[in-house]
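Engineer: Below are the chains, spelled out letter by letter.
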Amino acid sequence: MSPGKITQQRVFAYITNQDQDTLSVLDTRTNRIMKTIRVGQLPNSVAVSPDGKRIFTTNGAGDSVTIISTGTNLVVQTVKGVGAEPFAVDFSLRRNRYYVPSFYSGSLFVLDIQTNRVLSEIPVGNGPVGVAVSPDENSVYVTSVGAGISIINADTDRVVGTVAEMDSWGIDFSPDGSTYYVNNVGSNSVSMYDARSNKPLQRTSVGLAPIGIVVSGDGRRVYTANSRSRSVSVIDAATLRIMRTVSVGAVPFGVAITPDNRTLYVTNFGSSTVSVIDTATNRVVDTIRTGFNPRGIAITPLRLQEAPNG
Amino acid sequence: MSLVYASIQNNNTVSVIDTESDEIAEVIPVGNNPVQINVSADGTRLFAANGGARSISVISASTNQVIRMLRDVGSEPFGCVQAQGKLFVPDHFSGYVTVLNARTGRAVQKIPVASRLLNAVTDTAGRKLYVTSLVRNIWIIDTLRSKLQASIPAGATWGLAFSPNGRRLFVNHYVSNQTAIYNAGTNQLLKRIPVGLGPIGIALSNDGKRAYVTNSRSGTVSVIQLAACRVIKTIPVGRLPYGAVITRDDRKIYVTNYGADTISVIDSERLHVSRTITVGPGPRGLVII
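Residue numbers (the numbering used here), protein chains in the order written: chain A, 1 to 310; chain B, 1 to 289.
Just so you know, these hints were derived from the structure itself, not from any lab.
Simulated DEER-style distance windows between Cβ atoms:
#, chain 1, residue 1, chain 2, residue 2, range
1, B, GLN109, A, ARG241, 35 to 43 Å
2, A, VAL76, B, CYS229, 48 to 56 Å
3, B, ARG275, A, GLY81, 23 to 31 Å
4, B, ARG71, A, ARG241, 36 to 44 Å
5, A, SER197, B, ARG127, 50 to 58 Å
SDA-like cross-link-like pairs, simulated, lysine to any residue; straight-line CA separation at most 20 Å:
#, chain 1, residue 1, chain 2, residue 2
6, A, LYS80, B, ASN11
7, B, LYS110, A, ALA250
8, B, LYS110, A, GLY207
9, A, LYS80, B, ASP261
10, B, LYS209, B, SER163
11, B, LYS110, A, SER271
12, A, LYS80, B, PRO281
13, A, LYS80, B, ARG239
14, A, LYS199, A, ILE151
15, B, LYS252, B, ILE24
16, B, LYS110, A, LEU208
17, A, LYS80, B, GLY280
The beta carbon of each residue, even a glycine, is placed where N, CA and C say it ideally should be.
All chains should be modelled from the sequences, with the hints used to inform the complete structure.
Structural biologist: Structure, rendered in structure tokens:
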């Protein structure tokens with residue numbers, strides 16, 4: 001295969017249909033669902049490993065993680081022992097680890113990406129919901145209903161600090177790792193933090209109950225899914241100014257962006273659809289029917305596109 | 001004879017337990033992911049809120065059969081409480097309480113309330129509906145007018161119950177690990193009692209002397225003596241205790257262990273678990289009739 005064809009690499013969006021126990025594989029070129037894969041019970045989130053090889057779903061009622069090969073779209077393993085109601089996943093490939101916060105356990109589970117063994121369980125507090133590994137892979141941030149944002153040292157697996165902001169949910173870093181953005185689901189706002197000092201830099205009101213958040217790969221935009229306002233806020237990442245509010249379906253939950261930053265996908269939990277937004281015009285260009293109650297969403301990362309021979 | 005009904009979230013059923021034998025008498029198939037179960041004021045109907053099906057299964061208490069499926073509800077119904085000839089359905093994600101005509105089963109109104117709504121109960125007169133939220137406050141809805149009337153400031157709240165005389169409201173504060181007692185007439189906070197981690201369910205004894213609180217993260221039940229407003233005993237139960245109900249004679253408390261697929265039966269005299277009943281996966285809501 002010539003290097004020129006590598007850019008033709010297909011980019012997929014993976015969507016968990018929470019109340020059908022399935023994962024939909026959507027081809028972003030055609031916006032068609034190509035395959036639906038059975039996973040564990042109540043899949044509430046999905047993430048793709050940064051090397052693009054594996055898809056991980058957390059199964060809220062299965063108390064498990066399902067691992068799927070992106071090459072074959074087949075389940076390769078189901079991992080148990082991740083506490084009660086696992087809620088999200090993020091990765092540190094350098095450390096060979098992934099991190100799973102579990103809501104009812106009040107802990108962050110640390111697993112080995114090769115063996116899928118639980119290496120440690122770190123208590124964080126009541127109701128952890130989101131997780132993000134810093135781009136330098138030195139810290140893990142966990143958002144929660146009642147314990148603020150816990151900052152964990154990835155070397156020691158210990159909580160080294162807490163940002164006292166209740167009701168946080170979606171969290172994502174700027175690509176350069178200098179800042180991170182957090183949805184404050186309770187106060188209907190998004191906050192930008194300095195990643196070194198963990199001090200809030202800026203705060204902006206968005207729609208009601210923002211859940212999903214994503215920073216574009218070029219670091220210029222932040223998008224939030226406002227679950228109670230049927231909208232997505234398009235935000236300037238540098239100033240946190242709202243540039244546009246885009247109407248989508250009922251209970252928008254997750255957001256993910258393609259590696260070329262041109263297209264944003266939003267799961268509408270209450271409409272059983274995905275809205276496709278053109279990021280140049282900030283308009284909905286397509287609405288795709290999914291399974292029942294689509295919740296988590298993740299897209300093929302940039303690295304897979306760059307891999308030789310795909 | 002009393003019966004306990006438990007919603008078994010992860011196999012889409014309601015288990016019926018005979019409180020004399022403490023055996024499962026019947027298993028009723030309902031919709032997807034029943035999170036909570038409620039009973040009508042007259043005790044003839046049970047409502048299973050199917051969180052994963054956008055529906056409510058209505059069960060006849062005399063036949064233990066689903067007699068009706070209500071589909072005109074929100075995206076994740078979390079309960080269903082009858083009052084004033086209406087059904088009030090708090091929706092977890094959309095933040096609405098959907099109001100249905102109890103006879104027709106059709107939605108007549110959607111009341112915007114708050115994010116992440118959880119449990120709901122009415123006062124003894126059925127005039128006010130109290131709804132908790134994982135974000136904040138206790139929200140009070142006028143059931144006659146179907147309008148949001150007031151809110152009581154609080155952090156994240158979950159299970160709640162009235163004292164038998166209706167004068168006190170007990171609310172579990174999930175985040176601050178406390179059970180709070182309010183004057184139901186004035187909404188004034190009277191007392192906060194520290195319990196275990198992540199308190200969810202609460203049951204009040206019919207003699208008004210005790211409250212039993214499930215501490216989800218501690219795997220225990222706190223027994224509160226109400227005269228002294230203090231915890232007199234902490235009883236280990238199963239993993240992730242969720243709901244709690246008490247028999248009419250106050251002798252037994254039933255607790256769903258969401259993470260253990262069991263129901264613990266607590267002897268209120270000896271204050272220990274006298275029996276553990278294996279049920280289906282993910283037992284959650286409980287009612288007793």
